[in-house]
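On the provided structure of chain B, position chain Y as indicated by the hints.
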Amino acid sequence: MKILIIDDEKEIVEIFKDKLGKFGHRILSSSDGEEGMKLARIEKPDLILLDIIMPKINGLDVLKGIKENEETKKIPVFILTNLPPEVGEVEAKRLGAERYLFKAENEPGKVVGLIDKLNQKQDAF
Amino acid sequence: MVSTVIELSTWVIVILVLIFFRFIPREIIGDDMFLIIAGVTLSFVLIYYLIICRLFNQTQRLYIKTISDIILIGILLHFARDYNNILYSLYFLPILSASLALNLVNNLVIVTVACLMIGFEILLNYNYDGDSTGSTYGSFWQIFFLVIISLFARFLAVQLQKEKEAKEEMKLEKKIMIKASHRLQNPLSIIRHYASSLEEGDLGAMTKKQKEYVETIHEKAAQMIKIVSGMIKLNRKEEEQISKIVTSNK
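Listed in order, the protein sequences are those of chains B and Y. Its first residue numbered 0, the first sequence is counted upward by one per residue in numbering that gives the first Met the number 0. Its first residue numbered 0, the second sequence is counted upward by one per residue in numbering that gives the first Met the number 0.
Bound conformation, chain B alone:
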């Protein structure tokens, strides 16, 4: 699976890159939203992991941009953020996020499991 991580925190990008790479996924990453949207259009990944609190443009706006673009609107997006669910989940789901993952409580191993589940769901269709 080709996965794009959009997050400004390089430690987070690195640990997910390592973990997901280990399970055979190909990882692309971007540290800001503008570049991330461009990358999504060019590379058309199978999944996007998106942070919300980022400099310049925030993750919810990036999500909106991704879902409004014809080329990228079908790509499932997992929000992976430290913004508590009670603050951001409703808005993120409304904008079309597949899942809302609270960073502090979803370790890389758990995220891998969720990605596998998504994969099975897509295979079933």
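No incorrect hints appear here.
If we take Cβ atoms under 7 Å as the criterion, some of the chain Y residues that face chain B in the derived model are: (1) GLN184; (2) ASN185; (3) HIS192; (4) TYR193; (5) SER195; (6) SER196; (7) GLU199.
Just so you know, these hints were derived from the structure itself, not from any lab. Heads up, the beta-carbon is just placed ideally off N, CA and C, and yes, glycines get one too.
Positioned in the frame of chain B, the structure of chain Y alone reads:
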């Protein structure tokens, strides 16, 4: 925009007051007196909005307000002395407004002038007809009443102000707390992720002791995250309760 609203509402109040004056019995305010009052009021408002409001700064306008308050008290006092009771209560309005606006100097000046005027009138009364003892006592009582009302309004205003400040301070503290907790969440989750990765053997096998240590780091990071999350949730709840109280008091 705001100033237009204020100006319009001033006109509405002026017109309502003039209508109110028309309902006062003719023996108290005759037709001539009414025309004089209407003329003076309207010309003052016109002067205020056409000249004073445009030319003077805020401090100067404050002085003008104090002077006009004093004049108003003088006029009201004059009516009140002649016809007693009903109109007397009206000159508490500028005093109350100055007290509630927490304007100490303005408040002191108005109360002092009002007291002096009452005192002056007592003296005049005493000179003109020596046997009007009843109304003299009444006048002293008026001064007492005036000072009490003013003090009461001022204490009330100060207390309200203090409560408001305390509430705002508490809100700010909560905001800082929530922000700090969020900031903690980031490094904590990174520690947790890295420890879990090590624990799962992503970087190769570890000795039993190494694994034990990493497990402890992982466990404690998760514990700290729980504590911080709990703090944020608690703060949110309290904040919601505070805002509920504030909005229900409005």
